[in-house]
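Participant: Listed below are the residues making up each chain.
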Amino acid sequence: DGGITQSPKYLFRKEGQNVTLSCEQNLNHDAMYWYRQDPGQGLRLIYYSQIVNDFQKGDIAEGYSVSREKKESFPLTVTSAQKNPTAFYLCASSIGQGSQPQHFGDGTRLSIL
Amino acid sequence: GNSVTQMEGPVTLSEEAFLTINCTYTATGYPSLFWYVQYPGEGLQLLLKATKADDKGSNKGFEATYRKETTSFHLEKGSVQVSDSAVYFCALSESGGYQKVTFGTGTKLQVIP
Chain F
1 DGGITQSPKY LFRKEGQNVT LSCEQNLNHD AMYWYRQDPG QGLRLIYYSQ
51 IVNDFQKGDI AEGYSVSREK KESFPLTVTS AQKNPTAFYL CASSIGQGSQ
101 PQHFGDGTRL SIL
Chain D
1 GNSVTQMEGP VTLSEEAFLT INCTYTATGY PSLFWYVQYP GEGLQLLLKA
51 TKADDKGSNK GFEATYRKET TSFHLEKGSV QVSDSAVYFC ALSESGGYQK
101 VTFGTGTKLQ VIP
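In order, the protein sequence lines correspond to chains F and D.
Start counting the first sequence at 1; every next residue gets the next number (our numbering).
Start counting the second sequence at 1; every next residue gets the next number (our numbering).
In isolation and in its complexed conformation, chain F is listed as follows (with noise of 0.2 Å):
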């Protein structure tokens, strides 16, 4: 069956380091995204790619980073520059722009040591 794989499940950070949180799919979708979620709050975007190779900020990018080199593989960087990690990280793709439905792997959870 078509999905997303997000790895790992847990993961835990030192003070200033950089951890990479990795998101697969095989639905051949176009776009895919990076979400935080927070206890009691809704999901905020922060990075989005329609295509490989392109990608743009969302709403909370600061400290993050991503790249697309591949259609199926979108990997987020928490770096040291982002003060509160501590978050359920979810990766979704679609298949392309608009009002199409999102799909979203099983999250992971990332803590600080």
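Think of the hints as simulated: they come from the structure by calculation, not from any bench.
These numbers were taken from a predicted model, which means no experiment stands behind them.
C-beta atoms are modelled at their ideal positions from N, C-alpha and C, and glycine is treated no differently.
Everything hinted at is true.
Quick list of the computed label-pair ranges, beta carbon to beta carbon:
#, chain 1, residue 1, chain 2, residue 2, range
1, D, E15, F, E69, 45 to 55 Å
2, F, E15, D, E42, 22 to 32 Å
3, D, K60, F, E15, 38 to 48 Å
4, D, S83, F, K9, 20 to 30 Å
5, F, K9, D, D54, 38 to 48 Å
6, F, G40, D, S83, 20 to 30 Å
7, D, E15, F, N18, 46 to 56 Å
8, F, I95, D, P40, 26 to 36 Å
9, D, S79, F, T77, 40 to 50 Å
10, D, K60, F, N26, 18 to 28 Å
11, F, I51, D, S3, 26 to 36 Å
12, F, V52, D, E42, 20 to 30 Å
Here the structure of chain F is known, so what remains is to put chain D in place on it, guided by the hints.
Facilitator: Same frame as chain F, now just chain D:
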């Protein structure tokens, strides 16, 4: 800008009770509307959608009607089960080029036997 407002949770119901979760939206154009469901420790799953006024989305006994005149998309189910316990998100996206998805803050539903 666009916004989605959901009723505050948590909502606690007894099994077989009637469920309503209110959702209202603000949008500049003619958005598509979605309900997503999130089970503990998982990503979001699309529950249902509606793409134009007066459309009714339905799935797994849940339904919601796109009401343009009241800018609402309330989620309803006639008889909830314990397995429906989850967090429910209302969302919208506008068509025409890339339009980001705007999510509500989520409503937690707890169904007790």
